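Novice: Join the two chains, each given in its own frame, into one complex according to the hints.
What follows is each chain in one-letter form.
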Amino acid sequence: MTERAITPTVANPPVAFTQDEIGWTPWLPPLGEDDLTERHLKGLVEAARAKSPYFRLLVRDPEVLEARTKTDKDIFYNTRSGLPRAERELAATAASRFNGCIFCASVHSRFATHHSKRGEDVQRLLDEGVDADLGERWNAIVAASVALTATPPVFTEDHIARLAAAGLDELEIADVIHGAAFFNWANRLMLSLGEPTPAS
Amino acid sequence: MTLASPDVIDLLSGISPGSALDRIRAQRPETREQAQKSYLALFQPEEFGDVSLTERHAVASFVAGLHRQPDVFDFYVNTLEESVAGRWLVELLKAEIGAGRATGPYGSYPDGPLSTENVAGPIYKVSAASREALGPKLTAAFEHAHLLVFRLREANPQALQVLLDAGWTTSGIVTLSQLVSFVAFQIRVIAGLSLLATATKRAAA
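Those protein sequences? They're chains R and W, same order as listed. Numbering-wise (the numbering used here), the first sequence opens with residue 113 and increments by one. Numbering-wise (the numbering used here), the second sequence opens with residue 2 and increments by one.
Extracted from the complex, chain W is given alone in its bound form (with noise of 0.2 Å):
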């Protein structure tokens, strides 16, 4: 038997059993069930498919990195650091979320009249000394996890055929823009529940 995974939401949030947080969790209790659901699904799968364990975490890591959340960083690196296959790409992920970072949303709007809300800013390329570690699948997993992190308005046909061209399956594909978009969910129940959470005990002292 094995224990039961701990709730990743409550964990990074800060919520104990008992707390204000956790009765109003509780008063959601689908919401908090198929989150963690959701999580399982894509880091602990029956079957790992067409992305390996190692870049599922990798590219979660990045995510976290790039919305710089240093506590859910470390909770998807943690399992890298844990393993020969992935303890190499520790270092590796500091560097390339150091030169990913931005301030987003931003991107240019198909032209028309929202084209006068483009807002410029950078595209990110994978290092050239990380290329080569990475290899050329984690490499278009990284650039197209920014893009959707960053730039998502500026997403296209193009992006998806260069994962194609890189190794990437098209079921694959899918798993991985859930994955980049579930980060980015849980991330923001996190930084929200934890705030929501300080302000509740501040409001009860």
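If we strip away everything but chain R, and leave its shape as in the complex, we get (with noise of 0.2 Å):
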């Protein structure tokens, strides 16, 4: 028998841009939490991970949620060295709300808030889009981020020199091309695989 795609009634939407805590639904089953292996529990890296619909979908391919998952950790929690987290938040909330992602632009632009605290510079990106003006240093993460984001990507040395310009060293560069690009996988699979839904 063929399988079903679930089609949500999702009560007042999200259909803005926002920083709250908004939720999300899936359009296909996830395993249940009782059927879940130890290849599954490795998959997920984290035991908390099983209570997310979301990433009890992904674990579905078990193999590539845990390199996925670790690349993830690593670009936005690695912080000895390099981009403050605030900076690798802003990337990932730019490539988002250039692409749209309403659930992935709420988680993201409260952690750029969060560690930022320029909460109100974080919602004129998201109110006003990435032309919003947020400062040169940050004005040019955002640019960066979004030239990375186009499809095809439109990324040329003249961002690489204003991100130099703006006081980023290679590694700290080559931090916001990490997050602008892994934020490229997570659009996809968030808008594609399920919906937001209001803040509870």
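Keep in mind the hints are simulated off the structure, nothing from the lab. A quick note: this is a predicted structure, and the numbers were derived from the prediction, not measured. Keep in mind that a hint or two might mislead.
[Stated by the list, open to error] Here are the simulated DSS-like cross-link-like pairs (lysine-lysine), alpha carbons at most 30 Å apart as the crow flies:
no.	chain 1	residue 1	chain 2	residue 2
1	R	K229	R	K182
2	R	K182	R	K154
3	R	K154	W	K95
4	W	K138	W	K38
5	W	K126	R	K185
6	W	K126	W	K95
7	W	K126	W	K138
8	R	K182	W	K38
9	W	K38	R	K163
Specialist: So this is what it looks like as structure tokens:
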């Protein structure tokens, strides 16, 4: 028998970019929490992720999820050197804003605000879009992230020169590239496998 | 014993051992290792499950071609060229990539304040000539990949039902979605790092 996609009925779905803690509901059935084997748990990386329908859906391919999760964590959380966390989250938010992922933008704009204490600037990126004036350093990060997110990418040496002029060294520029690039992975999964639900 | 696969991002970004970019990547060893492991999990898995080797490389080649990244396209299409099961796909892929060319992201938001930001753009369908050769499963995969590459904000459950009706399983769709999305990531890391490598070399000269 052919499997069926889920068409959820979401009342008051989020239709604008927000820093609120909104939710997400899948269009394909996740594995049940009770059905997870050792192989699945390894793929989830953190046991707590078994609570998330998103990760229990992705864990249908556990080896890919495991490598993806570890890539994600290192790009964003490994801040012993390189770009401050706030600006990695800014790159993620800019990519998500440009691609149109309301859910991803909500999560990572909250992180950007938390780590930068610049909630009003972050909100202007959400409200006005990727051309909002956030000061030159942030403008350079947003512009580079957006150029890399375009399909095909339109990222040039001018973006690199602008980041360097704003004070970023090569490792920090590589961190911007990875942060924006990773959200071209995450946005596509979040947007195509389910939809946002309102804050509770 | 088999030789370890080369690091694909290094290979396609032109990053050679000992170069400035090699040293920068070496400061993120986990990112480097796990990006490569993601590649291996998608293209050299222990079990191919519901998505064949040919299907994986065909979709990756299509995604790279839509991004107009000839080196990445050549990398993925090479596996097809070297296999009896995949060789016939190469010319078809080039034709479909030509037909699917666009500039994104585009598409409509859910009705509401963002509707003013809606951007119109083509909805790609596999050509009549190619549909028959590709069969229903790869035809649906190409059309879905195009949606994911360019108009991701328009994705909807009906698009997944089309895949299910064409013979994809739920787990196969997860793998397909990861594959398209991973290649979109990989292409951007390569595009970014190769330019950074060039800029770094120029600064050092």
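Novice: Hint by hint, note whether the structure agrees.
Specialist: Status of the hints after comparison with the structure:
| no. | hint | verdict |
| --- | --- | --- |
| 1 | R/K229 with R/K182 | 27 Å, holds |
| 2 | R/K182 with R/K154 | 11 Å, holds |
| 3 | R/K154 with W/K95 | 39 Å, violated |
| 4 | W/K138 with W/K38 | 27 Å, holds |
| 5 | W/K126 with R/K185 | 37 Å, violated |
| 6 | W/K126 with W/K95 | 15 Å, holds |
| 7 | W/K126 with W/K138 | 13 Å, holds |
| 8 | R/K182 with W/K38 | 10 Å, holds |
| 9 | W/K38 with R/K163 | 25 Å, holds |
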